[in-house]
Every structure is written in structure tokens, then in C-alpha cells.
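> Chains A and B supply the protein sequences, listed in that same order. At position 69 of the first sequence the residue is numbered 192 (the numbering used here), and the sequence of numbers has no breaks. At position 89 of the second sequence the residue is numbered 350 (the numbering used here), and the sequence of numbers has no breaks.
To be clear, the hints were calculated from the coordinates, so they are not data collected in a lab. Heads up, the beta-carbon is just placed ideally off N, CA and C, and yes, glycines get one too. Be careful, since some hints might not be right.
[What the hints assert, rightly or not] Chain A stretches covered by chain B per the calculated footprint, using a threshold of three residues with CB under 8 Å from any CB of chain B:
{"#": "1", "segment": "252–262"}
{"#": "2", "segment": "305–314"}
[Said to hold, decoys possible] Calculated lysine-lysine pairs in the DSSO-like style (CA-CA distance at most 27 Å, straight line):
{"#": "3", "chain 1": "B", "residue 1": "Lys357", "chain 2": "B", "residue 2": "Lys481"}
{"#": "4", "chain 1": "B", "residue 1": "Lys376", "chain 2": "B", "residue 2": "Lys491"}
{"#": "5", "chain 1": "B", "residue 1": "Lys357", "chain 2": "A", "residue 2": "Lys235"}
{"#": "6", "chain 1": "A", "residue 1": "Lys226", "chain 2": "B", "residue 2": "Lys355"}
{"#": "7", "chain 1": "B", "residue 1": "Lys357", "chain 2": "A", "residue 2": "Lys226"}
{"#": "8", "chain 1": "B", "residue 1": "Lys322", "chain 2": "B", "residue 2": "Lys481"}
{"#": "9", "chain 1": "B", "residue 1": "Lys430", "chain 2": "A", "residue 2": "Lys235"}
{"#": "10", "chain 1": "A", "residue 1": "Lys235", "chain 2": "B", "residue 2": "Lys311"}
{"#": "11", "chain 1": "B", "residue 1": "Lys464", "chain 2": "B", "residue 2": "Lys481"}
{"#": "12", "chain 1": "A", "residue 1": "Lys295", "chain 2": "A", "residue 2": "Lys314"}
{"#": "13", "chain 1": "A", "residue 1": "Lys295", "chain 2": "B", "residue 2": "Lys355"}
{"#": "14", "chain 1": "B", "residue 1": "Lys376", "chain 2": "B", "residue 2": "Lys355"}
{"#": "15", "chain 1": "A", "residue 1": "Lys314", "chain 2": "A", "residue 2": "Lys226"}
{"#": "16", "chain 1": "A", "residue 1": "Lys295", "chain 2": "B", "residue 2": "Lys291"}
{"#": "17", "chain 1": "B", "residue 1": "Lys291", "chain 2": "B", "residue 2": "Lys483"}
{"#": "18", "chain 1": "B", "residue 1": "Lys311", "chain 2": "B", "residue 2": "Lys322"}
{"#": "19", "chain 1": "B", "residue 1": "Lys291", "chain 2": "B", "residue 2": "Lys464"}
{"#": "20", "chain 1": "A", "residue 1": "Lys199", "chain 2": "A", "residue 2": "Lys314"}
{"#": "21", "chain 1": "B", "residue 1": "Lys464", "chain 2": "B", "residue 2": "Lys430"}
{"#": "22", "chain 1": "B", "residue 1": "Lys355", "chain 2": "B", "residue 2": "Lys291"}
{"#": "23", "chain 1": "B", "residue 1": "Lys430", "chain 2": "B", "residue 2": "Lys311"}
[Said to hold, decoys possible] Example chain B residues on the side facing chain A (calculated, C-beta under 7 Å, incomplete):
{"#": "24", "residue": "Ile359"}
{"#": "25", "residue": "Tyr360"}
{"#": "26", "residue": "Arg368"}
{"#": "27", "residue": "Thr401"}
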Amino acid sequence: MDHFSFNLGKPRHEMTDRRNIFQVDIKPRSESSTDPITRTQRPIVTGTSVIALKYQDGVMLAADNLASYGSLARFKDVERLYPVGEFTVIGASGDISDFQYTKHLLDAEMVKEYYINDGHVLGAPHIYEYLSRVMYNRRSQINPLWNAYVVGGYHNGEGFLGYVDLLGTTYKSSSIATGFGAYLAQPILRKVVEGHENTLSEEEAINAIETCMKVLFYRDARSLNKFQRAKITAQGVEITQPYSVDTEWSFAEGQ
Amino acid sequence: MFRNQYDNDISTWSPQGRIHQVEYALEAVKQGSAAVGLRSNTHVVLLALKRSSGELASYQKKLTIIDDHLGIAIAGLTSDARVLSNFMRTEAMKSKVIYGRPLPIFRIVSAIGDKAQVNTQNYGRRPYGVGLLVAGYDETGPHLYECAPSGNFFEYYAMSIGARSQSAKTYLERYYESFAEASLDELVRHGLNALRDTLQQDKELNMDNCSIGIVGADCKFKIVEGDELKRYLSLLDNVEMGDTVQGQAPMDTE
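Only chain B is shown next, with the shape it has when bound in the complex (with noise of 0.2 Å):
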């Protein structure tokens, strides 16, 4: 991006009333493989792409779980990730252990908000290099925030965060009227074909590079990888891309 003398700490703000450093942070977001989040009046549904280094290796979790009603989609640095999934834990247990209830969404939230903005704040310290989207489910419904290492959230019915998340939003924009009412599957579905939309040009959904998770009234935030997801994947629309789609390499070659 721009070198320029008014990015080298957080603490300058540049002429045209930036933080490069923060901008530099949000980059680093923009950077890790896309993650989408969509709710309905029942459930929240979070989806991400998997990515791997090489063919040895593993693919990358991006889904983690915070408690019962809560969970987490990540997109930038996965360590910085794990010291807020810890901080999350931590704070879920607090609210079982004290209040004897289920850790509220939004003030979870506005925690993490609080952590990051002061690493904005302070000299020599750094942002937070990681985006989350927070899926929850407390006493006043289901919930679907975007947190920022700027110190940023937000309250959305769906988002995505990542490499290329724009076409998945475009996606999301044009159906998301009706996610409201939309079944868990139709749901998971949608989200399926939004994160779609953002795999490069010979890419496609498969078992091992997909991951989704769900939480609802009657359902305990739940990660979906692997054999369990043929069924998810079987959900999505037959498009132009061929039956690769399909889950499974076709065995025979037609």
C-alpha cells in the first residue's frame, strides 16, 4: 500500500485524519481465506473456506467454538485469533459461573471491541490481525456481529469477511430478504452459494476445504467438517460449474 511518513506507528494520525496502521491491520484481514455469516429468526449459520499451504498439509480451522450458544468464523492472523477465542471462553465461563446464564452476545462483543480499540490507542502496541464473525444465540435471539481489529462491530443479518468477500456479499444483498424465515437447510444453502461465489476460477466446494456452523434455539453451537458435510453440500444450486459441485470427484469419466 502507501509509504508514507505518517504510517509507521499507531499513535500518528496522517493529515487526511487516518490511522495507517489500522488500515494496515484491516489488510490483514482482507488477506485470509473468506468466511460468511447469515441468520434467520432461528438459527445463525456461519461458513468459511478452508485453506491449506500445500497438499501435505492440513487444511486451516477457521471455525472455533466459544460455548453452547456461542462461535466464531476468523479471517487474518489465526494466533491473534486464538488469544480472543481464549479471552471469549473465559468471559462465557465467567457469566455461567457468576450470573448462572449464557454469556449475552452484544456485550461479548463490545468487549473484544473495547481489547481491540485499545491497541489502537497505545504507543508501541499493535492491532489485533484478525476479523471475527461472532454467531450467537442468548434470551433476545439469535445474533450475527462483524468484529474489526479497529475496534469496530456491527450488527448484521448476513456478512463476509476475506479474500474476495465482495462477491459473497453481492450474494447475500440480492437473497438476504429472505433469510428471516428461510429453514436451517435453505439457509445453509444460501450461505453455501455466497461462499461459492468467492473461490477462484477452477476452485470448488468440497469436503475438505469447507466448514460450517450452526447455532439456534434448540441447537448448541455445532462445527460441520468433513463426511458430514456431503449432505450440505448436496444442497447447493447446479450452476454452470459443472457437477464437480457435487461433493465427490464423479468416479467414472463421462
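Bound conformation, chain A alone (with noise of 0.2 Å):
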């Protein structure tokens, strides 16, 4: 330690690693180059709505197979999903190259618990911690990964549901959803959540879910009617193929 250093309160130089076991050979970044500064950027090509919720056997998430390019539905076979180890899934809406990144971070995690091999595996909570850390910091570097997570999964024989998005704010609910999913979607997961998480059926959650797939499709403008659904309980995680919902669009046909 440091302790008569006259730089305490600055960046300290040293190139250590993040243990500060090895010493590290990086090039330092002198104040006179001329590389360009990353900065708060705007999203390109987006994902819309996750939407999740708790019930009597684990909990649920799904979201749609569109990434969107502005206006265009660009990508339609897009998974929003995405596994974490064998307890948890990932929801992401927002950019989908910074969910690519957050998903090379994730997996860069499990891979290093798993060449530990002492027993330990990161589950649900550790990895909403996880994730709530790297999106703050990164906020906090005005350089934000521009995303809103939804973070299911089993532990220590319970569900578990957590929210992290791009400014770092965080929350656990019994019911979540993101983007447009906020307005329409929150309202009626609540309705049929709330104070039920230990007695609401896989039946009744599914229904919760594609009502509000429902819902999303005939009013968000950058969704699509191709989903998939996951759904994590203490057997593990089991994720859907893609598919639709029925919609009733004859009240605008013809006269």
C-alpha cells in the first residue's frame, strides 16, 4: 500500500492486473494523443420489450425475434433470451451489439468459475449483482451499454426476478418488464401477479404472457407476433421455440 504517496485521491499509474498479483505491460495513453473518446452513443439496432414474472414453480420471461433497424424490422430470427449457466436466463432489450458484449462478458465469467472447479457456481442473484456493477460503471463512464436486462432465475429453491438497465438502476419484482412492456404490459403481469406468486399455475402464467405478447404486438410499432418464452424452475432452464400469437385484424379490412 501506498500510504505517503502524494497522489492519493488520483488514478494511481500502476500496471498491476486486477488482483494486483502481476505486473501488467500495458501502454500507457499519454495526455497528447489523439485517439478518439468513446462517448454516450445512440442505439442501432434494437431489441423491444422483455417482459418476466414470478410463479409457484420458478419464474417466466419472454420477448420477441425482432432487432430492430430504426423503423425497419431489420432482423426477425433475433433470441433475446439467453442462458447463463443452468439456473438463470438473460432478457435484453435496447442496442443488441452491447447485449452481444454483455454476452462475451457473461460467458467469460462462467468459463473462469468453471476452470476454478471448487463447487461454486454463480447463480441468479450473483449474476444480476454482477451485471447491476458493470452497467453502472459503464454509466458512470458516460460511455453506457445501452440496454435494459431482465434477469430470471432459480436459487436457494426460490425464483428469482431483477431488473438492470443502462444507467445502472436496478430493482427485484415479482413481475418486470421493460420498454414498451413498462406501460402495457406491467399493469396486466401485476394484475395477475401480485400477492398469487406461490399459488399462480404455469397455465395461468403462461396466459399472463401472451396476453400481454398480445397486447405489445398490436400496439408497440417495433414488435413483432414471433416470440419465445423461457421459463426457469429447480429442474433448470427450458426455453421455447419461436412462435406467434392469434390476432383479430378484421375490423380493418375492406368496408
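Reconstruct the complex from the two isolated chains, following the hints.
Given below as C-alpha cells:
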């Protein structure tokens, strides 16, 4: 420890690895460098709402398979629900390239745990905590990962559901929805779930999800009627193949 | 020890395939006063003999709390021990802050091993002169590890380090099979018996020179010292050493 440094309070200049064990040789950036500085971006290719709820066996998440390029429905086979380990799923909305980077970070963390091989595995609450630290750290550098994540999982005998976004805002709840879902789906989810987390059956949960996805397809102009549903219980993660819900458009046809 | 031409620096092998500087560092641990550790299925207990440099001086602390679930006993250079325990505390804090979980014991012990090994291979550095007994309780249960200046670490049911620790090991080897199911008091009793065996001829365990650390499933790491030791010292087997092991000097002369 550097007790007498006159640089106390300023960033230290030592080049070591994360744990201060090894010296790392990185070319330091000089004051006069002309490299561009990354600043707040705008999201380019984006995903819309993610919705999630807790029910008696665990948690369920859903997200459609669309990645929009502004108003263009550009990529229609994107999987926005991503399993991390055996008992956690991340649902991502917002910038897809930032989501891909996050997926890489989480994979790296899981691989590190795997190789340590000491019987400890990162569960949903730990991934939630880690993600929130990453997101808040990026926000504090004014270079956010432009996403809103839902972390759903099963840990220590009960379901886990959390929200982390580009500002580093976090919260846990028995129902969560990002994007347009926060306005359109959350009221529906809350009505179904709140107070009944432990008695809500799988069928009722699926019903709630499908109602919300239907409403979102009707009203969110950047949504798609092709989505996936993830279920996480004591038995692990199950993500469905993409499917659609029936919608009624006849009122708009002809005279 | 040996004065030969292969022991001047850390990056010199001897023809026998030894690095003498590392072995000299291990000597520093053996010169420190004894520390004993043992574990059951529910608790890990550390016991240490504190030394004082004279009657006017205080007794050197041997146990350090790293986190609620993790503590260490040291033998050797206390200043090196401080550096390592600060490192462990930082890692423990990082685990809580980044992942929201208590630091798993195996990985902090292997991090210390990695740190210690660096000093055995780079020219101009010296090995840490302290051995640690690391006691902790994590999701996979109670653990006791020994960390050495060589960078080696190993898990044990029971272990002792420091001066005359072989006597304690002999005791532990005799009774270790009963540790797994032992109650906390039983475990402490065995530990104190083992620690007593490391004492010199006319010395005794008392409230000043003894220190106990306990961690377990429902028990945050706590250090028991001073008056609170009375209860544990009374658990000691009454042996030929007389009644001085009761913890308090007898008031009347009989």
C-alpha cells in the first residue's frame, strides 16, 4: 500500500492485473494522444420489450425475435433470451451489439468459474449483482451499454427476478417489463401476479405472458408476432422455440 | 542452516534440486509461535499461542478476521501477515460487491498461493515470511487450509504450524477421526489439548497467551480472548501438569 504518495485521491499509475498480483505491461495513453474518446452513443440495432413474472414453480420470461434498425424490422430471428449457467436467463432489450458484448462478458465469467472448479457456481442473484456493477460502471464513464436487462432464475429453492438498465438502476420484483412493456404489459402482469406468486400455476403464467405479448404486438410499432418464452424452475432452464399468438385484424379490412 | 554457494538468491537452484531461499523462508514460519486449526462438519476452530517479548509488553496477536465467514491464524513475520490479510480483505470485499456473495475459500487461498509463488521466481524479490492457517465457511461447507511461503497450499481436517508444532500434530493425528461429528466445545477442547502440547516445560495456557477463533454454519468468525477464554480453558483435560491449566492461579497455597 502506498501510504505516502502525493497522488492519493488521483488515479494510480501502476500497471497490474485486477488482483494486484502480476505486473501488466500496457502502453499507457499519453496526455497528447489524438485517439477518439468514446462517449454516449445512440442505440442502432435494437430489441423492444422483455416481460417476466414469478409463479409457483419459478419464473418465466418472454421476448420477441425482432431486432429493429430504426423503423425497419431488420432481423426477425434474433434470440433475446440468453441462458447463463443452468438456472439463469438474461432477457435483453435495447442495443443488440451491446447485448452481444454483455453475453461475451457473462460467458467469460462462467468459464472462469468453471475452471476454478471448487463447487461454487454463479447463480441468478450473483449474475444480477455483477451485471449491475458493470452497467453502473459504464454509466459512470459516460459510455453506457444501452440496454435494459431482465435477470430471471432459480436459486436457493426460490425464483429470482431482477432488472438492470443502462443507468445502473436495479430493482427486484415479482413482475418486470422493459420498454413499451413497462406501460402496456406491467399492469396486466401485476394484476395477475401480485400476491399470488406462490399459487400461480404454469398455465396461468403462460396465459398472462401471451396476453401481454398480444397487446404489445397490437400497440408497439417496433414489435413482432414471433417470440420465445423461457421458464426457469428447480429443474433448470427451458426456452421454447419461437411461436406466435393469434390476433384479430378483420376490423381493419375493407368496408 | 547451510552456508553454501546456492542459497544467495531466489532464482538459484541447488544441485539437489532445491531453492534454499524458499526453505529459509519456511524456517521463519517454524520460528513463530504455534497455531493449531481443526474442523468438524459444522465449525472450524483456530487456536494460537501468543508470545510477548517481555513482562512489560503486550502479547502479539495471532488471529485476524478477514470477513464474517473467514479468518486466519499466522506464524512468522507479522508484517508480512498484515499485507496478506489486507489483500484477503480486499478480495473478500470485492466478492461481496461484485457478485453479492461471500468469498469462496478455495479461491482466496489459491490467490495467496499465486501471490506467494511470484516471489519465489522473480529475481530480487523475497518470499513472504509467514505461514497462514485459513479457516472459513462457505457454500460448500467448513474449510481449513494451510498456506506456506513457498506458494503451496493444502486443505486439512486438522493442522498446526509454528514452533514445536509437531507435538500438536501428534495429538491431532491421534484424535482427528472424532473431529467430524464433534460439538464445538469438543473441538475447542481437542484444539487446546493440542496447543498445550506445544508449550515449553514450565509454561501453561492462560487467558493472556491463548487466542481462539471460531467460525461455523450459524457462527460469524469471532475471536475469543482474555476473560472469555475462562470457559474454554476449563474444558482442558486435567493432566499431570497440575491445576495450573484451570486458567486462574490458585489463590491459596496448598
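> None of the hints should be skipped; say for each whether it holds.
Hint by hint, here is what the structure shows:
For a cut-off of 8 Å, the count of residues in the segment 252–262 of chain A with a CB near a CB of chain B stands at 3, and the three-residue condition holds. Using a Cβ-Cβ cut-off of 8 Å, 0 residues of the segment 305–314 of chain A lie near chain B, which falls short of the minimum of three, so the contact claim is violated. The hinted pair formed by B:Lys357 and B:Lys481 meets the criterion: a straight-line CA distance of about 15 Å does not exceed 27 Å. This hinted pair does not check out: B:Lys376 and B:Lys491 have alpha carbons roughly 38 Å apart, beyond 27 Å.
Taken as a hint, the B:Lys357 and A:Lys235 pair is honoured in the structure, with Cα atoms around 17 Å apart against an allowance of 27 Å. For the proposed pair A:Lys226 and B:Lys355, the alpha carbon gap of about 22 Å is at most 27 Å, so the pair holds. Between B:Lys357 and A:Lys226, the direct Cα distance comes to roughly 22 Å. Compliance with the 27 Å bound is thereby established for this hinted pair. The straight-line distance between the Cα atoms of B:Lys322 and B:Lys481 is roughly 19 Å, inside the 27 Å bound, and the hint therefore holds.
For the proposed pair B:Lys430 and A:Lys235, the alpha carbon gap of about 36 Å is over 27 Å, so the pair is violated. Of the supplied pair hints, the one linking A:Lys235 and B:Lys311 is violated, its CA atoms being roughly 40 Å apart against a limit of 27 Å. Straight-line distance between C-alpha atoms of B:Lys464 and B:Lys481 comes to about 31 Å, which puts the hinted pair past the 27 Å bound. Restraint check for A:Lys295 and A:Lys314: satisfied, since their Cα atoms lie roughly 17 Å apart, inside the 27 Å limit.
For the given pair, A:Lys295 sits about 22 Å from B:Lys355 by alpha-carbon distance, which is consistent with the 27 Å threshold. Of the pairs offered as hints, the one joining B:Lys376 and B:Lys355 holds, with about 17 Å between alpha carbons and a cut-off of 27 Å not exceeded. With a C-alpha separation of about 32 Å, the suggested pairing of A:Lys314 with A:Lys226 is violated against the 27 Å cut-off. Distance restraint check for A:Lys295 and B:Lys291: the Cα-Cα separation of roughly 52 Å exceeds the 27 Å cut-off, and the hinted pair is therefore not satisfied.
With a C-alpha separation of about 26 Å, the suggested pairing of B:Lys291 with B:Lys483 holds against the 27 Å cut-off. Note on B:Lys311 and B:Lys322: the hinted pairing holds, with a Cα-Cα distance of about 6 Å set against a maximum of 27 Å. With a CA separation close to 19 Å, the supplied pair B:Lys291 and B:Lys464 stays within the 27 Å bound. As the CA atoms of A:Lys199 and A:Lys314 are separated by approximately 31 Å, the hinted pair breaks the 27 Å bound.
Restraint check for B:Lys464 and B:Lys430: satisfied, since their Cα atoms lie roughly 19 Å apart, inside the 27 Å limit. The hinted pair formed by B:Lys355 and B:Lys291 fails the criterion: a straight-line CA distance of about 32 Å is larger than 27 Å. Proximity of B:Lys430 to B:Lys311 is assessed by CA-CA distance (about 18 Å); at most 27 Å being required, the pair is judged to hold. Given the 7 Å rule on beta carbons, the hint for B:Ile359 holds: about 5 Å separates it from the nearest Cβ of chain A.
Residue-level restraint check for B:Tyr360 holds (minimum Cβ-Cβ distance to chain A is 4 Å; threshold 7 Å). Contact between B:Arg368 and chain A, as hinted, is supported at the beta carbon level, the nearest pair being about 6 Å apart and thus within 7 Å. Using the Cβ-Cβ criterion of 7 Å, the hint placing B:Thr401 at the interface with chain A is satisfied: the shortest such distance is roughly 4 Å.
The structure does not agree with the numbered hints 2, 4, 9, 10, 11, 15, 16, 20 and 22 stated previously, though it agrees with the rest.
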